[in-house]
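Below, each chain spelled out in residue letters.
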Amino acid sequence: MEEILGALAIGVAGGVAGGLLGIGGGTLYVPALVLLLGVEQQLAQGISLAAVIPTAISATTANLRRGYVDGRLVATVTPAALVLAVVGARIAGELDSDTLSRIFGVVVLYVGVRTLFSLWRQARSTRAQAAQHASEETD
Amino acid sequence: MSEQAPSARSRGRGVTTGVIGGFVSGLTGIGGGTVMVPLLTGLLRVPQHRAHATSLVVVIFAATAALVLYVGRGDVDWAMAAAVAVGGVAGGQVGARAMHHVPEVRLRALFAIFLLAVGIRLLVFG
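Chains as they are written, first to last, in the working numbering: chain A, 5 to 143; chain B, 166 to 291.
Honestly, the hints are just simulated from the structure, not real lab data.
Where a beta carbon is used, it is the ideal one built from N, C-alpha and C, also for glycine.
Take the hints with a grain of salt, since some may be wrong.
Part of the chain A face toward chain B, derived, beta carbon under 7 Å [what the hints assert, rightly or not]: (1) L47; (2) I61; (3) D74; (4) A89.
Please take these sequences and the hints and turn them into a complete structure.
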C-alpha cells in the first residue's frame with residue numbers, strides 16, 4: 005500500500021514536470037522509483053515507459069487545444085525515433101549502462117550550461133540595446 | 166516551420182532528432198524528450214513551447230515501441246505502472262496548462278536548469 009501511494013506521488017511530480025518540460029516524466033520516474041522505492045533499474049525503466057505513455061497523452065490533449073503541436077514535425081521525427089527506440093531498448097540490458105549514463109550526463113550538462121549562457125548573453129544585449137535607446141532619446 | 170514545406174536539410178535534422186531521441190529513450194527508459202527538446206530548439210529552431218508539445222507526441226510513440234520489448238522481457242510491474250500513470254495523467258494536465266502560461270525565455274531557462282539537474286544526477290549516480 006505504501007509502495008502504491010509512493011508510486012502515485014512520483015506519478016504526480018513526474019507528470020507535472022513532464023507536461024511542463026515536454027519530456028513525459030520518465031527522467032523523474034526512473035531515478036525516483038530506484039532511489040525512493042528501491043525498484044531494480046531495469047524494472048524501473050519498464051514501469052517508467054508504461055507510465056510515460058498516458059502521461060504524455062494527457063499533456064498532449066491540453067497542448068493540442070492550444071495549437072502547440074507541430075504535426076508535420078511529428079511526422080518527420082517519429083519514424084526514426086520508433087526504430088531507434090527499439091534498438092536502444094534491445095541493447096539496454098547488454099551495455100555498460102553506468103558508463104553510458106555518465107557520458108550522457110556530461111552531454112546533458114553541456115547543453116544545459118550552453119542554453120543558460122545563450123540566455124544570459126541574450127538578456128545582456130537586450131539590456132544594452134534598451135540603454136542605448138534611452139541615451140539616444142535624451143540626446 | 167509548419168507554414169511552409171520543410172527543406173531537405175530541416176527534414177534531415179528532424180530525422181537526426183528522431184534517431185538520437187529514440188535511441189536514448191529506449192536505452193534509458195526516459196522517453197527521449199530530455200534529448201529531443203534541445204535538438205528541436207537548437208537544431209531545428211523550433212520555439213520553446215512548440216518544441217515541448219511536439220516532443221511529447223513523439224515520446225508517446227517512442228515509449229510505446231520501447232515498452233513492447235520491456236514487456237517481452239517481463240520488466241514491467243503493472244500495478245506500480247498503473248499507480249505512476251494515474252498520478253502522471255493528473256500531473257501531465259497541470260504541467261501542460263502551466264507551460265501555456267510561462268513566457269518563452271523563462272520556459273527556456275527552466276528547461277536549462279532541469280538539464281543541469283539531470284546532468285549532475287547522471288554524473289553522480291550513473
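Evaluated hints:
no., hint, verdict
1, L47, "5 Å, holds"
2, I61, "6 Å, holds"
3, D74, "5 Å, holds"
4, A89, "4 Å, holds"
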